[in-house]
Amino acid sequence: MTIRVLLADDQNLVRASFAMLVSSAGDMEVVAEAGTGREAVALARSARADLVVMDIRMPDLDGIEATRLIAADEDLAGVRVLVLTTYDTDEHIVEALRAGASGFLVKDIRPAELLDAIRTVAAGESLLSPGPTSRLIARFLRTPDTATPSAVGGPSGLSERERQVLALVARGLNNTEIADALGLSPLTAKTHVSRIMGKLGARDRAQLVIVAYESGLVIPGAV
Numbered sequence: 769m770t771i772r773v774l775l776a777d778d779q780n781l782v783r784a785s786f787a788m789l790v791s792s793a794g795d796m797e798v799v800a801e802a803g804t805g806r807e808a809v810a811l812a813r814s815a816r817a818d819l820v821v822m823d824i825r826m827p828d829l830d831g832i833e834a835t836r837l838i839a840a841d842e843d844l845a846g847v848r849v850l851v852l853t854t855y856d857t858d859e860h861i862v863e864a865l866r867a868g869a870s871g872f873l874v875k876d877i878r879p880a881e882l883l884d885a886i887r888t889v890a891a892g893e894s895l896l897s898p899g900p901t902s903r904l905i906a907r908f909l910r911t912p913d914t915a916t917p918s919a920v921g922g923p924s925g926l927s928e929r930e931r932q933v934l935a936l937v938a939r940g941l942n943n944t945e946i947a948d949a950l951g952l953s954p955l956t957a958k959t960h961v962s963r964i965m966g967k968l969g970a971r972d973r974a975q976l977v978i979v980a981y982e983s984g985l986v987i988p989g990a991v
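When you read off a place in the sequence shown, starting at 1, and then add 768, the result is the number in our numbering.
Everything labelled a hint here was simulated from the structure, so no lab data went into it. These figures come from a predicted structure and were not determined experimentally. Nothing false has been slipped in among the hints.
So the derived label-pair ranges between C-beta atoms look like this: (1) 779 to 962: 34 to 40 Å; (2) 782 to 966: 34 to 40 Å; (3) 875 to 795: 19 to 25 Å; (4) 924 to 795: 38 to 44 Å.
A virtual CB, placed ideally from N, CA and C, is assigned to each residue, including glycine.
Generate the whole structure from the sequences, applying the supplied hints.
Here it is as structure tokens:
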């Protein structure tokens, strides 16, 4: 199945470069390009993209607000957002994750990494690089945000095994790595993650990371 990609970045050269790269992949196509956040939201609706590669810093409406509008639109429930930033210390990344982004990347990644990231997020997974994620959470998730799933119980209703799995998700481990760490099969690890998301009302692993840190299950700086 071809992944329909919308590119949102205010720099023409960056968009053109990403468009060439995405178009070179046999399993994806660029269906639209946006230079502002408002264009990104409108084109997500009209072009029926599967995934939006969203720059944070854009005129008219920034990538965070654009992501929030896309995530809140029931007609765009299947659209995933992959946020791009110039620096992995950009505090707005946390807000983007809270707004509904499924992950983030820095712009200096290798071309193959961007294509793999698009495939990962389009498949329903979240892309969170462990190093940058830990640093960002430690710096910016100090005060709980009532808009996140932690406001409806956090991990208190989870079993001990589910709490262990959630902690490993927060450290950036994928299902296979979680399975290895806990002596489980990858399928069992995946089932645990899905069950945790259901219990916490989280749409993806990105929100699970926020819940884990805001609830104190994982201590900033301890990973």
